[in-house]
Amino acid sequence: MIQIRDTPLPRAGKAVGIQTIGMAMRFGSFTALDNISIDIPAGTFHALLGENGAGKSTLVKCIMGFYRQTSGSLSVDGHEVSVQSPKDAATYGLGMVYQQFTLVPSLTGAENLVINRAHVPAVINWAKERKDLAGFMERMPFKIPLDRPVSELAAGEKQKLEIVKQLYLGRSFLILDEPTSVLTPAEADEMLGLVRGMTERGELTVLMISHKFHEVTKFTDAVTVLRRGKMAGSGLVKDLSTKDMAAMMIGDVKLAELDTRLPVPSDARPILVVSGIKAPDRTGLKMIDIGNLTVRAGEIVGIAGISGNGQKELAEVLAGQRPPEAGSITVKGSIYGATRQETRINNVRFIPEEPLNNACAPKMTVTENLAFRTFDVRKQGGDALWLDMKSMRKRAVSLISDFKVKTASHSSPIASLSGGNVQRAVLARELTGDVDLLIVSNPCFGLDFSAVAEIRARIMKARNSGTAVLLLSEDLDELLEMSDRIMVMSDGKLVYETPALSADISVIGAHMAGHH
Amino acid sequence: MEGIGIWGVPLAIFAGAIRVSTPFIFVSLGESITERSGRINLGLEGTLVFGAMTAYAIAVMSGSPWLGVLAAMATGAVFGLIHGWICKFPKVNDIAIGIAMMQFGLGLAFFLGKPFIQPVAPHLPSIALGGWSDLPQIQSALNINVLFIIGALLAVALWWAFKNTRIGLILRVVGDSSDAARAMGLNPDTVRLLATAVGGSLAAVGGAYLSLYYPGSWNEGISSGQGLMAVALVIFARWNPIGCFLAALLFGGAGALGPALQSVGVTQGYYLFYAAPYVLTLVILVATSSPTRSLGGAPGTLSITK
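If you read the sequences in order, they're chains A and B. Here our numbering is used: the first residue of the first sequence is 1, the next is one more, and so on. Here our numbering is used: the first residue of the second sequence is 1001, the next is one more, and so on.
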């Protein structure tokens, strides 16, 4: 057997190609993977597409040795190999970058790299290690500060460091699992461009799991599409259109369509008025400063911006999580301080980003989470003293079916649901009943198509029925599709406003980048 | 306090800082190792008292105080191993087990220690660094115990080891992210078990200092909560060993304020100054905390930061 290549650095032209032949995986009577044959030649960038539950992660877990396939085989550089564990996979130079970061936050980049080696000396000679690392980084297309704790790095830098870690450990075939789901479009493009460069130079072979067509068409050579555990199609990216790939992915399911946009009446009353808000951002070093922001009934105002320019802080101020130092927020003409009572009187609803952590109690059941807005009021009005479990359950069951939340049961903990279904459940809770103001933050981050289409349709429906919607998003396509007006946030300030219909993407982009 | 008058107060605080701080140094260094691995051992108060009893008993029987210290370390490690072993089971809370272990340690120490209240044990040696001065106060203040010096060196060694050794890095990895540790093929439970054992043995050294040097006798009131306060000191010191050492000094110095004032003739309200260390801890913790910033340096898998 080949020795695990530990310290040594990837030499140019050392990429390995892999092949799966008739790979199948059955769990009891359930077939998760059925006869999958993929050929990924050395030095290519291959995309693996599929909806949630299509078998993508089962396939890569078989390749990486987390699972032992029921039948079929894996070849590396044309030789059949038996991969029993992730360690075996490492021996053949196969590595994987997971969706969640596996870096240790409080350790520096250099410490993270060194401690992951198979043989770490008992006393680490940092002077020597630093010199070796500097030499190694010179050969890497990525520039990352290695002497700062990982927790201080931006998401894009962390993702690059994950890839660098795999290369440092001598891997030459990498699986990237939705590598851009936490990155901004600019970060994503930069990172994928650099990876693409490495594959073109023959230093690396990549298999990328993705949901995003524009990434697939822009950066990859070939694509394999899985649907319900079966091969739904494959081919070279240059021969396939986005439509072909979408059709392979979702089959004949119809996506939810957006309602036609009703015009905003010229006399629509302002629902949310934010004026002169000043608040410190999370570092405490900078301030956000919102001069004037008005959202009227029946319109969607989109806030664009690169992440970290104060959108999160603005959302927190509106949600009452961050006390402003100056300025006022009014909802329907009266001062709004985001207390439970004010929220209820004014019908304000809130869908923050990462709703599992920010809008749910993860270990409580779906039923309980769905009742967060209503559990403490009685049907006939007034405060409830006892929980009415029966009606909570009834309501949950009807919301689950209305909003197509996929859950094992209404009494499962909400943390056991997939991301899209948590988002659906929160949407169900927040959009039920009268809603006058809806504040939404990155609602479609990391979700697959049918979930995205569904969620956007729901928000549009709410808008058409007269809800004022403030949509904070890092996805410009989403803002252009959904918004009536788009404002750009940069460096804590709203720097530009344009009607969405006549919006010029390059002008918005320039303002996002701070050229204003 | 003839001869040096009011200067007796800072001198007494200095001497107190060194004399009182030693148990805090050992317990907080031990706890910093345990907490860096992602677990809290609140049982160190029990370990400390049991260590004090063991050290005293063995010193009485063998005539060697150092044998007593070694025996205390062994029992401390056993207490740590029990804590670590129970905590590896799913759904076991380390804080609850810690409180149970604390009561267990106290009770067992009082039960087994009954016969040793009367006998006198040999004391641990100290080094007289005050020979250059004629003043007896200065001579006694500079009479520094060997364990204090070991504690100071240990703090620096740990600080270095957390950065520059494999074991130090592994400890920090396990404390910060169990998933990352497993991905590296490390077993977090084993690392935490060992870290808790080492933490327990260091805490027991703190106990040995109490019974074998200052105050230097064994009775049921030997500890005034040093084991518990040291846990707070670790948080206060942001899990940094050198910070633990300095915090222990500060705490010891503040603790000497009450007796020092009493000795220079302040007769009113000096009891209030006995509370100085606790007030100081509260004030500093409040002053350095912020609702909008998270605690710097906290290991990610610690149950209080989760």
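Some hints could be false.
[Said to hold, decoys possible] Some chain B residues near chain A, calculated using beta-carbon distances under 10 angstroms:
1. K1163
2. G1168
3. R1172
4. V1286
5. A1287
6. G1300
In short, the hints are calculated from the structure, not lab data. Virtual Cβ for every residue (Gly too), placed ideally from N, Cα, C.
- For this structure, which hints from the list above don't hold up? As far as the earlier hints go, 4, 5 are violated by this structure, in ascending order.
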